[in-house]
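Q: Under my numbering, the final residue of the sequence shown carries the number 435; numbering is consecutive throughout.
Treat the hints as calculated values from the structure; they're not laboratory data.
The structure displayed is predicted, hence computed values, not measured ones.
No residue lacks a Cβ here, since even glycine has one placed at the ideal position from N, Cα and C.
It cannot be assumed that every hint is accurate.
[As the list claims (entries may be wrong)] Capping the alpha-carbon separation at 20 Å, the derived lysine to aspartate or glutamate pairs in EDC-like fashion look like this:
| hint | residue 1 | residue 2 |
| --- | --- | --- |
| 1 | K306 | E175 |
| 2 | K403 | D179 |
| 3 | K147 | D158 |
| 4 | K327 | D364 |
| 5 | K258 | D284 |
| 6 | K276 | E254 |
| 7 | K389 | D102 |
| 8 | K276 | E236 |
| 9 | K198 | E108 |
| 10 | K220 | D298 |
| 11 | K249 | E290 |
| 12 | K147 | E108 |
| 13 | K180 | E254 |
| 14 | K248 | E236 |
| 15 | K198 | D364 |
| 16 | K180 | D252 |
| 17 | K389 | E175 |
| 18 | K306 | E290 |
[Unchecked claim] Cβ pair distances, simulated, as ranges:
| hint | residue 1 | residue 2 | range |
| --- | --- | --- | --- |
| 19 | F297 | D229 | 17 to 23 Å |
| 20 | P342 | A305 | 25 to 31 Å |
| 21 | P245 | C114 | 40 to 46 Å |
| 22 | A104 | D229 | 44 to 50 Å |
| 23 | R163 | H265 | 17 to 23 Å |
| 24 | A272 | A305 | 46 to 52 Å |
| 25 | G238 | E108 | 53 to 59 Å |
| 26 | G130 | A305 | 35 to 41 Å |
| 27 | S341 | E398 | 23 to 29 Å |
| 28 | D239 | A394 | 56 to 62 Å |
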Amino acid sequence: MAESVAERIRREQAAAVRVFDRVFAERVATISKHNAQQIKELRAQVAALRRLLLSERLESVDYKYKSAEGIERPCPVLSSFDIAGIAEHITSDCKNIIVMCGAGISVSAGIPDFRSKGTGLYDNLEKYNLPTPTAVFDISYFRDNPAAFYMLAQEMWPDKHNPTPTHHFIAELHARGKLLRCYTQNIDSLETRAGLPADKIVAAHGNFDTCSTIGELGDDGNVIPGTKKVVDVEEVRKAIENGDHTETGWPALRAKYSQLVKPDITFFGERLPQRFFDQRQSDFAKCDLLIVMGTALQVAPFCDLVKLVGPLVPRLLINRSPVGGPSGDLISAGLCETDSTALDYREGVNKRDALYEGECDAGVRELAKALGWADALEERVRKSVRAADKPQANPPPPKRQRTSAERGLGLPDVH
C-alpha cells in the first residue's frame with residue numbers, strides 16, 4: 021500500500037525527533053550532573069523546540085494536489101470526512117484521543133442544555149425571579165442571593181440522572197486504551213458515573229464531585245488565598261436537599277463554616293480550575309484525534325481548545341448543527357481564505373474535519389458500529405440502567421413542603 025502524505029510526514033517527524041533527542045542527550049552529558057538548574061533549563065528549552073518541530077514545521081509545508089479539474093486542493097488526512105473515515109483512523113493506531121463535550125451529551129439524561137431556544141436552561145428560569153438567566157451561576161449574585169442556586173442544585177444533583185450512551189462511549193474509549201483525556205464543560209459529573217477515572221477528566225467548569233466554601237473577599241474584591249475550605253460532598257447534598265431549613269438546610273451549613281458552601285462549579289466571576297490550565301498544552305500536543313460533541317463552542321477559553329491540536333490531527337464534530345467554523349463574514353469579504361485552526365467542512369478547503377450532524381447518542385452509536393464496538397456499548401448502557409433500577413439501600417426522604425421563603429420566589433409547594 022502506498023504511503024499517504026500524513027504517514028510520510030509523521031515518519032519524517034519521528035526521524036527528526038530521534039536526531040534531535042540524540043543531540044540533546046549528548047549536550048546533557050557534557051553538563052555536570054550536579055548542575056541541576058542548568059539541566060532543568062535545558063530540558064525546558066528542548067521541550068519547547070520539540071513542540072515546534074512537531075507542529076510549526078508542518079504548518080510551513082503546504083501539501084496539496086491538483087484535482088481532475090485542475091483545482092488545487094489540500095491533501096486529506098482522512099479517507100472520508102465522515103464516521104467511516106474517523107473509524108478507520110481510530111483503528112489505525114490511535115491511542116491519544118481527546119474528547120471535548122458540552123451540555124448536548126446530557127440532554128437525553130433529562131438535563132437541559134443551556135442555550136437551546138425554548139428548551140434550554142436559561143430559557144426556563146423564570147420561576148426563580150432572576151435579574152438575568154445567567155445570574156443563577158454568578159458568584160456575586162450567589163453571595164447575596166444563594167437560595168435560587170440551591171433550589172436549582174436540588175434538580176441538577178447528579179444522583180438524579182443516569183449517564184447517556186455518549187458518556188458510555190467515552191468510557192469505552194478509555195477501556196480500550198484509546199482515551200487520553202475528556203475535557204468537559206458539563207457540571208453534572210455524569211462522566212464519573214459512567215466509569216471514567218478522575219485522572220481522565222478535566223472538568224473545565226467544575227462539577228459536583230467536590231465541594232468547598234466560597235472563600236472570604238479581600239479589599240481588592242478577590243478571594244483571600246487559604247480562606248476556601250473543603251467540605252464533604254454528602255454533607256452538602258443533604259443540606260441542599262433540606263432547602264433553607266434553619267437547622268438542617270443550607271443556612272445551617274453556612275453557620276457551621278461561617279461561609280456559604282457550594283459544589284465546586286465554576287461560576288461567572290470565578291477562575292477556571294487550575295487543572296484545566298495545567299493539562300491543556302501537554303495533552304493537545306499529544307492528541308491524535310479530537311472528538312467534539314454537544315457544544316456550541318461559544319464559551320472561551322474552552323472553545324479555543326480545538327485550535328491546539330496539530331495541523332494534521334483529524335477532528336470529528338458530533339452536534340445538532342455545525343459550530344466552530346471560520347468567520348463567514350471575513351471569508352465572504354475576501355479578508356481571509358480560511359482559518360487553519362477553525363473547524364472547516366467546506367469542499368476544497370477541508371483536509372481533516374469530519375461532521376456528524378444529529379443527536380450525540382445517535383452519532384456515537386454509529387461510530388461504535390463502524391468500529392465493531394456496538395455490542396460493548398449497548399452492554400454498558402444496559403448495565404447502567406439495571407444499576408439505576410436497583411432499590412437504594414438508604415432511599416432519600418420524601419420531599420418536604422416549600423418554605424415561605426422559597427414560595428416568595430414564586431415556587432409552588434412540592435410534597
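Q: Evaluate each hint against the coordinates.
A: Hint-by-hint comparison with the structure:
1. K306 to E175: 38 Å, violated
2. K403 to D179: The given pair, whose Cα atoms are some 16 Å apart, holds under the 20 Å limit.
3. K147 to D158: 17 Å, holds
4. K327 to D364: 12 Å, holds
5. K258 to D284: 16 Å, holds
6. K276 to E254: 15 Å, holds
7. K389 to D102: 13 Å, holds
8. K276 to E236: This hinted pair holds, its Cα atoms lying about 15 Å apart.
9. K198 to E108: 14 Å, holds
10. K220 to D298: Between K220 and D298 the Cα gap is close to 14 Å, so the pair holds against 20 Å.
11. K249 to E290: 16 Å, holds
12. K147 to E108: With a Cα-Cα distance of about 49 Å, the restraint between K147 and E108 is violated, given a limit of 20 Å.
13. K180 to E254: The hint holds at about 14 Å.
14. K248 to E236: 7 Å, holds
15. K198 to D364: 25 Å, violated
16. K180 to D252: 19 Å, holds
17. K389 to E175: 34 Å, violated
18. K306 to E290: 29 Å, violated
19. F297 to D229: 17 to 23 Å: At roughly 19 Å between Cβ atoms, D229 and F297 fall inside 17 to 23 Å, so the hint holds.
20. P342 to A305: 25 to 31 Å: 26 Å, holds
21. P245 to C114: 40 to 46 Å: With a Cβ separation near 41 Å, P245 and C114 satisfy 40 to 46 Å, so the hint holds.
22. A104 to D229: 44 to 50 Å: Given about 36 Å between the Cβ atoms, the range is violated.
23. R163 to H265: 17 to 23 Å: 21 Å, holds
24. A272 to A305: 46 to 52 Å: 47 Å, holds
25. G238 to E108: 53 to 59 Å: Check passed, 55 Å falls within 53 to 59 Å.
26. G130 to A305: 35 to 41 Å: 37 Å, holds
27. S341 to E398: 23 to 29 Å: For E398 against S341, whose Cβ atoms are near 27 Å apart, the range 23 to 29 Å holds.
28. D239 to A394: 56 to 62 Å: 59 Å, holds
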